[in-house]
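*Asks:* Fit chain B to the given chain A structure using the hints.
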Amino acid sequence: MSQAKRPVLEVRNLSVALPSGADRALAVEKVSFTVNPGEIVCLVGESGSGKSVIAFTVMGLLAKALKPTSGEILLEGENILAADESRLRELRCTRMSMIFQEPMTALNPVMTCGQQIDEVLDTHTKLDAAARKAKIIAILDRVKLPEPERIYASYPHQLSGGQRQRIMIAMALVLDPVLLIADEPTTALDVTTQAEILKLIAELQEGQGTGVLFITHDFGVVAEIAHRVAVLRWGELVEMGPTEKILSRPEHSYTKMLISSVPSIHPVHRGVRKDGITVLRTEKLGKTYTGAGFFQKARVVKAAIDVDLDIRKGETLGIVGESGSGKSTVARCIARLIDPTEGRVFLGDTEIATMSAGKLRPHRRRVQIVFQDPYRSMNPRITVGDSIIEGPMNFGLRRDEALARARKLMETVRLDPNSLDRYPHQFSGGQRQRICIARALAMEPELLIADEAVSALDVSVQKQVLELLDEIRVRLNLAVLFITHDLRVAAQICDYVAVMSKGRVVEYGSAEQVFGSPKDDYTKALFAAAPGRNWEFGKFAAA
Amino acid sequence: MLDFIARRLVAIIPVLTVVAVFVFLMLRLTPGDPAAVIAGDNATSDQIADIRTKLGLDEPIWTQFAIWIGDVLQGNFGESFFFKKTVAELIAQRVEPTLALAVCTLVIAISVAVPLGVLAAYRQGSLLDRFVMGFSVLGFSVPVFVIGYVLIYVFAIELGILPVQGYIRIGVDFWGFLERMVLPSVTLAVVFIALIARMTRASVLEVLNEDYIRTARAKGLSNRVVLMRHALRNAAVPILTVIGLGIAGLIGGAVVTESVYGLPGLGRLTVEAVLSRDFPTIQAVILLFSVVYVVINLLIDISYTLFDPRIRY
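Protein sequence lines, in the order shown, are assigned to chains A and B.
No gaps in the numbering here: position 177 of the first sequence is 177 in my numbering, and each next residue is one more.
Add 543 to a position in the second sequence, counting from 1, and you land on the number used in my numbering.
Just chain A, same shape as in the assembly:
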């Protein structure tokens, strides 16, 4: 039984150097940890913490620019840091496997799923074609894909994101490796799909006694799946221990800060006033897309159906839903970035849903949007100052007035007003999102739409941006429409919540009511799938 006791993975004193000119010398610095058979170890950290670098070092798939400088990586006792390329190839998928974050792009689009799994067997085993096929069908069945025969012959683009991730898992586990490395495998998935995939991984690894190195930034996922947790910051392992201990009695201040930044799933009570002026009201708002083809049947997609919403001054309305639920469509219709096909949108007393583009222009100022990805929503070739003043100047403000406003707004979003002449790439993600907020506020809008505005941010930065948004809402008595897939974020920032599914609002009420006693089945399922819903993060037991 000594075999079972030996850890499947031992990382000892691992350091990985960054190329010269990076913001620090080492991507990973003297990191040591072990993964035992049948154990799930979570590596947690914010972006740039080095967690993915560790995963890729183990697999031997590091980018050429990164070089391990010291330490050992023992896979069942064999130091694979010293192994040559052909030995590593032998080990991949047979002893250690990896699944990735983006199931949409991780599979080769021009090969069938069956062929892609078959390659693994063809490379690593001497099985004949019939035996390989039987084995593939069996593993597809084990990862609970319906109709394995059909899936075998399908191309990736014919499957959903969750199904593709199941294919990846099937591919990774078809040869029963002792170690599975999962790099944010559920981050790109919807919450209900995420719950299913997490359950599947846990079931399969328990059945086979596989050791799992699970990389994530999400403490909800950690609470859900991990046996032990290692917390990383700037390439250093700051704390490691059993999940329960790390979550409830963390010792390191960074761990504490990180965990207390996780938004609670229980909404804060802040007293709904119901006395503000209605800023925005939609009546039976609908958007139907028709894919017109010369000879094809016209495809009709109803992205939004009969949406009735209203937002008053000083209030935040959240729209939550999974991808494809129509939440962004509604936001875009309200901002008239796309034209609604049915219903009406009242901005104050003005009906804007059917207004012509020319008449609409003066009203554009009144609705402003902050988008999801601060890295792509700013023009990289113009300074942030010019980005901020472009809108107001377009509406007739003089340059010096606009600049004065921009300087004031930079203070509002807690950035240095003297950095207005810098370019977006000189700021971090969180700072860029603050600039995007400043840019939106520069127009002095009546309604601010935040479309997944904090989804791309690390949890500690996310907390700061959420606090900032709330502060601005109070100070400017602003109406905010907050689009998010993240129930925790919605619980923290919204006064009212609308839950959308398949284009319809299935539940609509105050945050307390929706979160406290959901009525609709879909809402209930959504909440049940939220990872770590039973944990109250940040309420630490006295150490």
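If you're looking for bench data, these hints aren't it; they were derived computationally from the structure.
A virtual CB, placed ideally from N, CA and C, is assigned to each residue, including glycine.
Where hints are given, some of them may not hold.
With the Cβ distance kept under 10 Å, some of the chain A side facing chain B (calculated, not the full set) [as the list claims (entries may be wrong)]:
hint, residue
1, E85
2, T94
3, L107
4, A172
5, Q513
Using C-beta positions, here's what the derived DEER-type ranges look like [as the list claims (entries may be wrong)]:
hint, chain 1, residue 1, chain 2, residue 2, range
6, A, D84, B, I555, 50 to 60 Å
7, A, P109, B, I556, 32 to 42 Å
8, A, R361, B, V646, 53 to 63 Å
9, B, T784, A, Q426, 54 to 64 Å
10, B, G668, A, A83, 17 to 27 Å
11, A, P380, B, V725, 49 to 59 Å
12, B, T784, A, E85, 28 to 38 Å
13, A, P19, B, V817, 56 to 66 Å
14, A, R361, B, L788, 38 to 48 Å
15, B, G677, A, D373, 32 to 42 Å
16, B, I604, A, P109, 49 to 59 Å
17, A, P380, B, V817, 26 to 36 Å
18, B, G677, A, S460, 45 to 55 Å
From chain A, some residues computed to sit far from chain B (all C-beta separations above 10 Å) [unchecked claim]:
hint, residue
19, L127
20, V268
21, K313
22, P417
23, S460
24, L466
*Replies:* For chain B alone, coordinates are given in the frame of chain A:
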């Protein structure tokens, strides 16, 4: 799919109509009288007028066009002014060398350029990569006839291992045919190797950064399999596009190459026909080239579906 092919074939009709009208008008609006060329230097103006009447060139231009189009629609491309044969016969005689040259050139170009491009991408920044890139610039910039004469000088005159020029029909003597195809095909292939290798390199480089390449490596596949099976097939569509465009360029290149190597093909026929103002021949050859070009592009579009299952027509 069949629907798509049918629609594309129908779309050839307006293309050919435009080409026909354009060529017909261009020939008649540019200076130069075929009758004068045929009659020779010492002909009187009466003789020239006689010849014009015989050729039908004294009719109003629209009547000429109507007669020509009417004939073409019945499959009759008329009689050459200069060669005293029907144009159809003339083209049938001349098509083999050009076709052989085009096929050999493409085979050489693709089989050299694609592996070179893939290797250059895989070893980006290496000596090989820099060599391929340097060769590409050279291939683009040196004119075809210069390459032709340099190759003739080295391989035919100095080394004496290949014939200088000439053509033997494929049915007459296969080895003789091959021997005489080597230099012209290589000459013409140089520019295509440059073009295709560059596009292959760029396209493969882009694909190598894709997530599924990382997945393929994580499966423990060898570099060769990752490159040839996963990277190249995904990189194929832009490469095919360039090959399609290249075939159009091939027609221009063939004119020069056939002249340098004395191949009796369509390229040289075009030059001769233009110099002697042989209207029926020029018109027919250009119509033929247009059809070939449109059909090849259709074939390229269809071939996309073989490489990428996401493309459906």
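*Asks:* Honestly, which of those hints from before does the structure not fit?
*Replies:* 5, 9 and 17
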